[in-house]
Every structure is written in C-alpha cells, then in structure tokens.
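Student: Given the structure of chain P, go ahead and fit chain U onto it with the hints provided.
Each chain, written out:
Number of protein chains: 2
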Amino acid sequence: MKDDQSITVLKIGGSVITDKGKDEGTARTGEIRRIAEEIAGYDSRLVIVHGAGSFGHPQAKRYDINGKFDPRGSIITHLSVKRLNSLIVAALNEAGVNAIGVHPMNCVLSEDTRIRNMFLEQISTMIDSSFVPVLHGDVVMDRELGTSVLSGDQIVPYLAYRLKAERIGIGSAEDGVLDGKGRTIERITPANFKEIKRFIGGSASTDVTGGMLGKVLELLNLSESSNINSYIFNAGHPGNVSGFLSGRNIGTAISKEEY
Amino acid sequence: MKDDQSITVLKIGGSVITDKGKDEGTARTGEIRRIAEEIAGYDSRLVIVHGAGSFGHPQAKRYDINGKFDPRGSIITHLSVKRLNSLIVAALNEAGVNAIGVHPMNCVLSEDTRIRNMFLEQISTMIDSSFVPVLHGDVVMDRELGTSVLSGDQIVPYLAYRLKAERIGIGSAEDGVLDGKGRTIERITPANFKEIKRFIGGSASTDVTGGMLGKVLELLNLSESSNINSYIFNAGHPGNVSGFLSGRNIGTAISKEEY
Chain P
1 MKDDQSITVL
11 KIGGSVITDK
21 GKDEGTARTG
31 EIRRIAEEIA
41 GYDSRLVIVH
51 GAGSFGHPQA
61 KRYDINGKFD
71 PRGSIITHLS
81 VKRLNSLIVA
91 ALNEAGVNAI
101 GVHPMNCVLS
111 EDTRIRNMFL
121 EQISTMIDSS
131 FVPVLHGDVV
141 MDRELGTSVL
151 SGDQIVPYLA
161 YRLKAERIGI
171 GSAEDGVLDG
181 KGRTIERITP
191 ANFKEIKRFI
201 GGSASTDVTG
211 GMLGKVLELL
221 NLSESSNINS
231 YIFNAGHPGN
241 VSGFLSGRNI
251 GTAISKEEY
Chain U
1 MKDDQSITVL
11 KIGGSVITDK
21 GKDEGTARTG
31 EIRRIAEEIA
41 GYDSRLVIVH
51 GAGSFGHPQA
61 KRYDINGKFD
71 PRGSIITHLS
81 VKRLNSLIVA
91 ALNEAGVNAI
101 GVHPMNCVLS
111 EDTRIRNMFL
121 EQISTMIDSS
131 FVPVLHGDVV
141 MDRELGTSVL
151 SGDQIVPYLA
161 YRLKAERIGI
171 GSAEDGVLDG
181 KGRTIERITP
191 ANFKEIKRFI
201 GGSASTDVTG
211 GMLGKVLELL
221 NLSESSNINS
231 YIFNAGHPGN
241 VSGFLSGRNI
251 GTAISKEEY
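Just so you know, the protein sequences line up as chains P and U, in that order. Numbering-wise (the numbering used here), the first sequence opens with residue 1 and increments by one. Numbering-wise (the numbering used here), the second sequence opens with residue 1 and increments by one.
To be clear, the hints were calculated from the coordinates, so they are not data collected in a lab. Just so it is clear, the structure is predicted and the values come from calculations on it, not from any experiment. For every residue, glycine included, the Cβ atom is placed at its ideal position computed from N, Cα and C. Check the hints yourself; a few may be wrong.
Claimed, not checked - Cβ-to-Cβ under 10 Å is the rule here; a few derived chain P residues that face chain U:
{"no.": "1", "residue": "29"}
{"no.": "2", "residue": "93"}
{"no.": "3", "residue": "95"}
{"no.": "4", "residue": "124"}
Chain P on its own, in the form it takes in the complex (with noise of 0.2 Å):
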C-alpha cells in the first residue's frame, strides 16, 4: 500500500491498439503486448484508460447508438469493446502488472451523454493494494437517453479530477497535437488554444466521439479547474509510453500556464 504517491492516469488511444483501417474487432496484438512491457517496468500508482478503437466505433455507428436507444445494438459494442479489454489485461497480465478491467458499463451513470456519478471506491482500494485498474470507452447507462456512448476522453479527465492524480498521459497514434505544418506543438494553454484550434481536426477514421479536438478540449477545462497536466504523445514510438512513465514530459503538454 503506498499512500504517499501521486496517481498517474495514462490513456492508450484505440488507433494504437487496433486497426481501425481493417475489419471489425482487429486487435493490433503486437502494439498490446510491447505496451504492456513498457508498463510494467512502472511501479508506482497508475490507472489506464483504453479507446474502443475497431471494438467499438464501427458497431456503435452500425446501430446508430448515438442517436438512438437501441439495446442490442448496445450489448453488441459493449461485448466487443469489453473483448478488447480482456486482451489488454491479460497482456498486462502477462507482463507482469496486477491489471484489472473495470467496465463502466458497470460503474458509471451518465445524463444525456456526460458522465453524472462514477463508482470510485473499488478503483481507489485497487490503486491502494497495487492493482491496475483497467477502464475504456463503452457504453453506458444514461438516466435521459437509456444508454449512451462514454468516450475514454471523457473518462481521463473525470478519473484524474475525481482521483486527485498528478499527470495524464494521451497515448496517440500520432506525436501529440501537430500545427499546420506537422511539427508537434509543445504546450497548449488556454491563452493560446484559439490560435492553435484551427490547426486540430477530428480523428482520421471512424471515431464517434471526438477525435483529437474532443482530447484537447477536455484536458484543457481540466487543466483550468486544477492543477493536473497532460502530455499527448505518440504511443505508437516505442520508449514513449516508459519515458512518460518515468516522469520525461513529451509530445504536446495541456496546461494552464506557460512556464
């Protein structure tokens, strides 16, 4: 039990994890596993979040479940994206980290779309007794619309805020938020966030909720309710996911200030 340390919220993005060019439900089995090495040389309290990426976004578009309540539809891409979950954990597993998968679909209530309460004592008592807690985007329960689609960039945040964490890392497919020119931008801050918005677009492939404007979005509110900072980078580029482990602060930083 080590109370005395700070948490780590670490997002693995579904692009790096699955093809989202290929079939439904391709695990990019390879990606997992190399990750999974890089965490488990990590020793301190972390929780990750994983995208659905061809788990999720295609069967959610299929049956149309951000626009309508349609329960199979519903169990379907939950089923699919809780599979993905199973082989990230058992990766981890494998590597050597006490990982557990947690469903939000079992633990969250959302309100037309946002998340209104998250069960958090099992996710705490897990970080407390050496565990990785393992969420992702799902479906959820939701009050106004029966279910709703959670993206695990709505989660990050929340969990960070609600966890008291420390830093967040967005583990993309790409080397964190690009200006018009491809070179990465070091830090965004809400004093120049309207001059670099034009530069971020959506996700290249399926994605129904949000692609990189939705990520930066949602760390930005974060970072100017708190004191948490973000690091999008490329999860994809091996030593990336252990050096931001390891504390080194890559790709594009989200913060409140510049300094």
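Tutor: Here is chain U on its own, set in the frame of chain P:
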C-alpha cells in the same frame, strides 16, 4: 420503461450451472440454455445473480484468497467467474433477454468480507430500460483485506433490500430446504428457525461461501428487516424457474411470519 412494476431477484446456484464435481471451469451448457429460455418468457423487472460454482470456488481455495491477500490468485479467480458470467449472458441474449453482465469487482467495496457499498445507479437504470443485469459471486475489493470473496448469497439480499424488490427466488440444486427425512420444508420463519437449523448443512462439494445454511441465514435476516419473501427451489427441475417467475411459490418459503 416500466416504473410501476415490482422487482424480482433471481439467484441461479453455481451447482445448477456448473459441475462442481468435475474439473475447474466445467459449465453445464445445456442447463444454462434451458434456464435462459425459461427466463426469456418472463417480461418483468428482473435482476439475476449467479453463483461461481466450479469457476470460482476451487480457484479461491487453491490460492487461499479467503485466508490471505493474493493479488494473482484474486485476478485468476475473478477472470474465471467472468468467463462463466459471459456464458450465461450470451445464453440469455440468445434466448432474447437483453442481459448485461455486472461484475461485483467493478461496483462493490467490501469491508472485512461484508458489502460496505455497492453502486446501484447503473443497475436501476438497466432495469428501468428493460435490460436484465446479471451479477455473480466474485472477488471484490475490500478496504480491510485488499480483496475478499463475495458470495452471490450475500449479493441477493443486499440487492433486494436496496432495490426494494418484492420477491427473491433462489434456484438451487435441491428441492428447497430439506428436513431429516428428505422432505421439503414448506416455510422457515424466525419462529421455527432454531428447530429447523439442525437439518441444514453446508454445501456437498467445495463451497467457500457457506452453502445452504449461509443462504437461509441471509434471507431470514432480510425477511426480518423487510417484507421480502424468498423461495428456495430446485432450478435443476425444468419449469421451476419459469414457474417461480410467473408467480408460483415453490420450494421452501422464507418469510417473517407464518401466513
């Protein structure tokens, strides 16, 4: 959304849906399918809780997770009962029930083996949205012990009480609670429990969570603090699950008063 109807909690015992005498992780797939079909005929607000059977008890015993904190053993046991849950959820969906697995590991915090808190907002919303949540005996986080084993028999009365359920059905592998001559005892109340207690043993095979005596004690406690009546019946007998769900009072009733 059927807000006007009462909630039923149905437990399916681990001995009914798994072969406790055989190898670890042996599911009775025919029985699971039959019971799923009996449930599919029922059109009301329902929560299902199933036991872990051979997917949980032998593993919990092997790693002695009732006696000490063993992260690896806890994860292995949890993953095993999750597999059983996914078989049952799949059979229910195939039979036409909009079933969703709810893993107690994801929504419970226990304290010294007793449920301290359980997130229920997602479960209530599932019921209101015509889904059937399917919980199970599980390893859960425990603020005293790190992890502890949570029996389905503890989940059932907790859920029934908190969700203000009207009826509980305990589908076991026996015709109810039997007297010394193998006859089903019709009713157990606080008044006759002392006299009946001597007939009630533990479970025939490996059961780390208390067997029949555990069940009866939990339900008797519940009947004393509420008006919820419980029925312990043989779920291995075709027609009993659908019979109970359609309102028949079969097996042994457990209630506050003789009536």
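Student: Look at each hint and say if it fits the structure.
Tutor: Against the structure, the hints come out as follows:
Violation of the interface hint for residue 29 of chain P is found here, the shortest Cβ-Cβ separation to chain U being roughly 18 Å, above the 10 Å cut-off. Interface hint at residue 93 of chain P: satisfied, since its Cβ lies 6 Å from the closest Cβ of chain U, which is below the 10 Å cut-off. Evaluation of the residue 95 of chain P hint against chain U yields a violated restraint, the C-beta minimum of about 13 Å exceeding 10 Å. Residue-level restraint check for residue 124 of chain P holds (minimum Cβ-Cβ distance to chain U is 9 Å; threshold 10 Å).
Of the hints listed earlier, those the structure fails to meet are numbers 1 and 3, in rising order.
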